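Student: Each chain is listed here by its residues.
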Amino acid sequence: MADADQRRADPVQRFLVPNWHPARSEKNLARIAAHVRRRQQGARLALALAAAFTLLAAAFFVVGSRPTTTPVPAPIASADARILRFADGSSVELEGTASRVDTGLASQGGIDVSLQAGAARFEVAPQHGGHFVVHAGNLDVVVIGTIFRVERRGSRVHVGVERGRVEVRWQGGMRALIAGESAWFPAEANSSPSDTPLEAEPEALPAAPLPAVTVEPHSERKRFVDHVNRGEYGEAFALLERSPDVVGSSLAELLLAADAARLSGHPAQALIYLERITKEYPRDARTPLAAFTMGRILMSQLGKPGRAADAFALTRRLAPRGPLAEDALAREAEAAERTGARERARTLSEEYQRLYPSGRRLSSVQQRGLRE
Amino acid sequence: MSPPPISVTRTRPVLRVVGARPDDADSLEFEAVFRRYSPYVATIGLRLLGRDSELDDLVQDVFIEAHRGLRNVREPAALRGWLARICVRKCLRRLRRRRLRAFLHLDTLEPNLWLATAEASPEQAAEVAAIYRTLGRVAAEARVAWVLRYVEGETLDDIAVLCGCSKSTVQRRLRAAERAVEPEAPHG
Numbered sequence: 001m002a003d004a005d006q007r008r009a010d011p012v013q014r015f016l017v018p019n020w021h022p023a024r025s026e027k028n029l030a031r032i033a034a035h036v037r038r039r040q041q042g043a044r045l046a047l048a049l050a051a052a053f054t055l056l057a058a059a060f061f062v063v064g065s066r067p068t069t070t071p072v073p074a075p076i077a078s079a080d081a082r083i084l085r086f087a088d089g090s091s092v093e094l095e096g097t098a099s100r101v102d103t104g105l106a107s108q109g110g111i112d113v114s115l116q117a118g119a120a121r122f123e124v125a126p127q128h129g130g131h132f133v134v135h136a137g138n139l140d141v142v143v144i145g146t147i148f149r150v151e152r153r154g155s156r157v158h159v160g161v162e163r164g165r166v167e168v169r170w171q172g173g174m175r176a177l178i179a180g181e182s183a184w185f186p187a188e189a190n191s192s193p194s195d196t197p198l199e200a201e202p203e204a205l206p207a208a209p210l211p212a213v214t215v216e217p218h219s220e221r222k223r224f225v226d227h228v229n230r231g232e233y234g235e236a237f238a239l240l241e242r243s244p245d246v247v248g249s250s251l252a253e254l255l256l257a258a259d260a261a262r263l264s265g266h267p268a269q270a271l272i273y274l275e276r277i278t279k280e281y282p283r284d285a286r287t288p289l290a291a292f293t294m295g296r297i298l299m300s301q302l303g304k305p306g307r308a309a310d311a312f313a314l315t316r317r318l319a320p321r322g323p324l325a326e327d328a329l330a331r332e333a334e335a336a337e338r339t340g341a342r343e344r345a346r347t348l349s350e351e352y353q354r355l356y357p358s359g360r361r362l363s364s365v366q367q368r369g370l371r372e
Numbered sequence: 001m002s003p004p005p006i007s008v009t010r011t012r013p014v015l016r017v018v019g020a021r022p023d024d025a026d027s028l029e030f031e032a033v034f035r036r037y038s039p040y041v042a043t044i045g046l047r048l049l050g051r052d053s054e055l056d057d058l059v060q061d062v063f064i065e066a067h068r069g070l071r072n073v074r075e076p077a078a079l080r081g082w083l084a085r086i087c088v089r090k091c092l093r094r095l096r097r098r099r100l101r102a103f104l105h106l107d108t109l110e111p112n113l114w115l116a117t118a119e120a121s122p123e124q125a126a127e128v129a130a131i132y133r134t135l136g137r138v139a140a141e142a143r144v145a146w147v148l149r150y151v152e153g154e155t156l157d158d159i160a161v162l163c164g165c166s167k168s169t170v171q172r173r174l175r176a177a178e179r180a181v182e183p184e185a186p187h188g
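Protein chains in written order, with the numbering used here: chain A, 1 to 372; chain B, 1 to 188.
Derived by calculation from the structure, the hints in this document are not laboratory data.
All values reported here derive from a predicted model rather than from experimental measurement.
Ideal Cβ positions, reconstructed from N, Cα and C, are used throughout, including at glycine.
Check each hint, because a few of them may be wrong.
Just a sample of chain B residues kept apart from chain A, beta carbon distances all over 10 Å, derived [what the hints assert, rightly or not]: (1) 77; (2) 85; (3) 133; (4) 137; (5) 176.
Some chain B residues well away from chain A (every beta-carbon gap over 12 Å; in silico) [claimed, not checked]: (6) 79; (7) 80; (8) 99; (9) 146; (10) 166; (11) 169; (12) 182.
Short derived list, chain A residues pointing at chain B, Cβ under 7 Å [as the list claims (entries may be wrong)]: (13) 12; (14) 25; (15) 29.
Excised from the complex, chain A in its bound form (with noise of 0.2 Å):
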């Protein structure tokens, strides 16, 4: 047991690191000096307003968290006007002519970008201690180095993801979204939380909202599909194995059924869903995502790189030139090396080099592609 909890923290040993740097430390330091100087010297008038001051001053001295008198980023004028460009390499491009947004005043913790209207593609640089938010009606998309659409229509938002992730907040509730997912916002009352995979060209988007599932009140239907809902997985996967006709054969509630189980920690119970999905539902545009999802269990938390790598394969033949495509084809690669099929491996890698010459994953893929 005690090697099963090493292995799980091993990735937080190496990649839950704060972000601590010296503008940083030096605030939180200014900070305290702040807090000690004002229990120790009193009420006295004059040195509370000393204080406030020095306060005061070491906010504009740490918050902007520059080396040089800088202003914080603002939008900089672009020779496209559709496209707005900030200083950290951030863009907002707008799709359509009725697609408005509103910068207002950066803030001088990160960016704050208002859509007003219509559609917009933003392309986020990494926000190190800082933030990068759209908002759009009653809805924020914050993000953290990553590449999305958002769109609203009437009184709801899409929101996909092309890189990255996002966190899609509104008030009482939140929801995360990888690269390749997307989902309409806010979810009507019977609808599936289900994702859409990202489509490539903005008509491809759906118009309405995805199939619902719905449920008799009060049935454990409802109380299967409120518990995924409110992320209570491990309650989900509970209700599902007891009564397994809690979902039936849409491939929403597969969907449903496939998250239960792979949030809540079984991940060959989740495939079992997968699977059924892409034999019953090859034509569906969701269905790419459910056979890169099938790879990714396979290959990380099953130890199956062999099956693996053929589900990778099944999302590119099923969406060819879908957003997963790219990525499918290095993860199969991958695969394929861990099986030890180093033609193979190499094969793919010349194919991914050829198709994506400045691919995400270029650099990775032309090792695998030159070891033995």
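Using the hints provided, position chain B relative to the given structure of chain A.
Tutor: Same frame as chain A, now just chain B:
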């Protein structure tokens, strides 16, 4: 009134201890302690809390308390462990408060998916988030024991000192956390 433009100067803030020992050496000593150990405290704090948004407040709380008791620390070698004890105690308090606030729907136990650094692949970031999602469901004391044991690599005896409890209590808390974490371990 619009805020003035943000600017940064190169002035280093100096903490003056006015009162009992208005000696510049004291202020410089605390600064040196802060600069040397704040990264360590921030690291433990982040791994215990699982949230960067609370880190600045936590580090300030730890060192404000440390400032009060610094003159009582005789051995420089004891500083690290002493600061860690303060940090663990404050994290426990925050975690218990978070669970209460989550129960009242004033907070969430869900981790930030981008907890991991930019060097992590999406899968590795997902593993980190998954661990903290699991840890969010166990008692604060069990969570702290697990993180100190498996992430920080502390011995059971040291964890007992850090948490201010007996070794058998640490073992019991660890078992509770291990049962929650156990369902799967990453393969391949």
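Student: Compare the structure with the hints numbered earlier in the document and write down the numbers of the violated ones, lowest to highest.
Tutor: 3, 4, 9, 12
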